[in-house]
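Protein sequences, first through last, are from chains A and B. According to the working numbering, the residues represented by the first sequence are 1 to 348, in order. According to the working numbering, the residues represented by the second sequence are 1 to 498, in order.
Just so you know, these hints were derived from the structure itself, not from any lab. There may be inaccurate statements among the hints.
Stated by the list, open to error - Cross-link-like lysine-lysine pairs, in silico, BS3-like; alpha carbons within 25 Å at most:
#, chain 1, residue 1, chain 2, residue 2
1, A, K232, B, K339
2, B, K228, B, K262
3, B, K365, A, K232
4, A, K232, B, K155
5, B, K321, A, K232
Claimed, not checked - A few chain B residues facing chain A, derived, Cβ under 8 Å:
#, residue
6, S230
7, H231
8, G346
9, R347
10, E358
11, V367
Since we're looking at a predicted model, the values are computed, not measured. Each residue gets a CB set at the ideal place from its N, CA and C atoms; glycine is no exception.
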Amino acid sequence: MKTKEKIVSGINVPNSQGNETNAKLNSGILKWLAAKANGPVVGLILICVVLTITSQYFMTTRNISNVLVQISDVGIMAAGEALVILIGGIDLSVAAVMVVTMMFSAWLFKMEHFPFAIALLAGLLLGALIGLVNGLLTAYGRVQAFVATLATMSACLGMALVITNGNTLNTFPTWFAALTGSATNLIPVQSILLVLIFVALGFWLRFRPAGRALFAIGGNEEVARLSGLPVKLLKTLVYVISGALAAIAGWINISLLDSAQPTAGSSYLLNVIAIVVIGGASLSGGVGSMGQTFIGLLIIGVLNDGLALLHVNPNLQQVVIGAVILGAVLTDRNQFGYSFNFLKKKAK
Amino acid sequence: MTSLKSLTVTNIDKSYAGVQVLHSVSFSIPAGEVVGFIGENGAGKSTISSIIAGVVQADSGHLLIDGEPYSPASPADAISSGVALIHQEIRMIPELSIAENIYLGRLPMKNGRVDNEKLYSDSAEVLKKLGVGIDPRRKIRGLSIATQQSIEIAKAISRNPRYVIFDEPSASLTPHETDRVLEQINVLRNSGAGVIYISHRLEEVISIASQIVCLRDGSVVKTWDTGKISHDELVKAMVGRDFKFSHSAPPPASEDVVLEVKNLSREGVFANINFSVAKGEVLGIAGLVGAGRSELVRTIAGVDRSTYGSVLVNGQVIKIKAPSHAIKAGIVMVPEDRKSQGLNLGRTGAENMASPWERILRRAKIVTNAWVRKLAEDNVKSFDIRGGIHQPVVRLSGGNQQKVLLAKWLIREPKVLILDEPTRGVDVGAKMAIYQIIRDTAARGVAIVVVSSELEEILGISNRVLVMSGGLQKKILSRDEANAETVMSLAMPAGMHL
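Bound-form chain B, shown alone:
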């Protein structure tokens, strides 16, 4: 069905280095509608959006915009044809003002000088349209990720695009912030633009899309003319098999307390945190971004310093002033951002996994590449890392990178495993695999602390849930008490309502 006002993609093929990544992909994006794109990592979602946005070119097939042939040779071509791509990772210049970023490369001119008056009034207008009440004269530096995301959207809107592609805009946003992005997409849609919305979070796709396209292994496997599709059906189409996306209750934890945190504080960030985690228990930490969750676990893992309070492992107070102290005491952490904190992207998976352990396991001995390979291979059998561990991790998909990162910290059985956003930017298949690893690790008697912005995840895998808000511990809920409402009402800062 090709209506006149639409972006039509017909029989697109694309290969990289002899590997075909898209097989005759066809679909149509009607103006004024939101089409959700789903699929596992590596299914071809990003490739097809790169082709539409002119970042890469198709091998064969053709594109039409509103009935006119469209073959963008560069992102600039795409932009001038009215196509905008909003990247998952925000790319802005921190020292320039919001307005200068929005109009970067096309600042309004007057008499050979930048027309600041027009620049700021135009920017204010675009921001207002999106419902962002912020002074466009402010610099980007210091703005939250969510606000920067809104400015990225404002930048796209300011060009009056006819078609906009969102590539996982919500990957680093909290549910509340995501809602705002979804509202902004609705603004775009209502102004007559066609929107492609790519996300791993199926609930979002269901809530906003009026059509859904599912890709698997480079082919369109299914399209729906309505957004009202059940979660389970979408997952089934994505992974190509029946998939039960639910968490059974974790086995009860034992009584032996492994990790105890007493009055832990870090000035200006969080204060007076008290909890304990038993052998084999999974403690979830929930809260909004800025509640101090990541900061709390970073402090326990020695990445940041505490200003007051103590951490005990098996009843012994341990002094943690650096990550190495925590590791020595058996506390390891899989950090929030695998690219900047977790993995050395240019090195192989095996090298990354061995890195912390070389000086512990080979203190007075030599480390050969053979030793590194063996150490890694002996430990990753259960992890199913596709792409292998003997190539630079930068070439692996997000899910497989995350598995390498988990394997790195499980080479030696820790006493306490801390996971900060363990499934961010990871596809459904890898997600389930990671949940299984968490479950298995707990079953072996490791105490686990999980920080996550995905409520479903926290509720699904935790024995208990600690809710934080504004740097304070609100309450620890048992599995029976914890549900979306109880957690969110505790997580909301005073004065804010759901």
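So here's chain A without its partners, still in its complex pose:
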């Protein structure tokens, strides 16, 4: 509810009450906006305002909780993808890694009767391992990231089907499904995990030498190498993180669906890349942040949710997301950036 007040009072300028506290609040929010004002933030606020007006269900606790549930798995993968794109690479294998680790864990548990926790950890390990392969291929093998991860994507999608002969595996321990049940938890566990991952990676990127080095690598790899930074090691590490996070997204999927399906991840990859791009990252590397990626994630999440609330044809949602990607990229350029100057002026 607090969010709602903030957004409504900050943006809906015609305000009949117009008392002093409100004016103060207004200028505070405007100052914050002016500092952060960029395409994605303004876009997210606009979308929220429009949806609040057009749908009475949008700004309800239940719906917001629902959005958080739905973006968790894709968001965790986007966090890894953001790191990869930051260093000027791309990881096409994230969704495939998610599926293959899901199937692997499920197979270990159901068919080989491993303890469930061990099966999950094995899935995480497999994800990190595939990430390691991606990393070694790109950093040491000098294979282009697009090509290397295209190859592992294909292999993983195939393996996911091979493991169970294409069959779905169902029924996992009930405590595991309960973890992500939004009926039992007001704030879903997977959303907490999502936020923790973003905060941890955000801290790493901003305050730790290794994380900060990713900007240098993405900006100019040769400069980074000549500056004595361990470029190959860090590049490999980033792909390992991306693979491991994809496996964690797989955990969430198993828990949510109480099943592991070898075809579960087909629509994820493009959404993951879209989130990072909408968040303002450049595919040529060196630009981006965890905060911006999170905004991109919220835009996709809120948009998908809102379009469903408004009963928009699900196939049209893809069209809308395409338009949003273009909008985000166009407003991110300098010549369009001026359109938000009125906010900055007002704040002064």
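With the hints as your guide, set chain B onto chain A.
Leaving out everything else, chain B in the frame of chain A:
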């Protein structure tokens, strides 16, 4: 004086974002003559040439070509009016042939197909005119920078331009290659074209120009009707004060050897290099492009791997397989190309300076922006970086970028400082500042190795000069032995003559 056959520029003003960069600039380029343009970085040389070439438009003032009004709205306009601009940076498509690059966008056609016969014979003719004996069917990839520069000139000539602007064509060429470009400019001049020649190398301007225009802070401060002006007078006009452009002998180095290089080799590139540098000594490495100078220092700095030999610092053999190993041992290098190897152009000066040191100085701690700013600010006071270190370095001039790069590697006092072409593309003021930094750093006891294609620079700042040719060490000359003749005769490969 406006003769009929000339390119005349009258009272040109130009502002960028409220900052006036040209103040009522006027001059005239007579056909068949070479006019030299000099001035420090940021004086407005590139802006005025961009206006003439239609890349940007003037705010006010007018241009005349041979008495006709001329107001190019785009580079295409300029080209069709007979004006060609040859950029400092070569822009060619590596996978196309020389001829296809020369006639890019206007390939000769016959029956709806490219007339290859005409394409290659025309190209061969243009190249011959310039004295470049190379098959126009060859691809650009793999050609030397100097040859590519010649092809760029051929491209301009093939359009039969009436006026040609050269924007620092010699910035990345050796003296020998520069001579060839100057000859090619003479060919152009003799065919009746008017030439604007922009260069930081004053000797070249003096040798080729029949008129000189000096710009300072966006205004024409002086023009000479003759090219026979002394070096010192030109420098004085450029910087607006008396300027003694000479090097006093560096203080003698101490006896303590810091860097020793023994039998260092890299297969196919250089072999058997032996030298040592003492505390506070400046060792210059001279030679032609392709002699293996940059490759040698890159290997010492860990950028490339050696195949044989050893590097010692303070008597200890150090294993250098990556730049980080060299940095750890106290060997740092300011690389040759600041844009592709030295600086992350999109980040601020401070961020660039802190980049190598974050993981060394803050290994188990957090790095805040405040820490980065302070680290940088504490270290750049003596560097006088105009434009500051808190904006992306891409916005700084070449000289200031170079100072940021130097500051980056001097944040922690190194034992050995390697400088590869430290003053390339840098104006006179920044050049002197960089020489002073080198001098001061040596005085603090750092061993310094400088690679440079500018003979004057090498001779001026070095205690000793190592001359390389064809990947081999020819000789190490003492300061007294080293002069232009001794160095060049050693640098020339066998069979070539001055």
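Okay, the hints, checked on the actual structure:
1. K232(A) - K339(B): 21 Å, holds
2. K228(B) - K262(B): Cα-Cα ~47 Å, so violated.
3. K365(B) - K232(A): 22 Å, holds
4. K232(A) - K155(B): 41 Å, violated
5. K321(B) - K232(A): Roughly 13 Å between the alpha carbons, so the hint for K321(B) and K232(A) holds.
6. S230: At 40 Å from the nearest chain A Cβ, S230(B) fails the 8 Å test, so the hint is violated.
7. H231: 35 Å, violated
8. G346: Hint holds; G346(B) Cβ to chain A Cβ min 5 Å, cut 8 Å.
9. R347: 6 Å, holds
10. E358: 4 Å, holds
11. V367: 6 Å, holds
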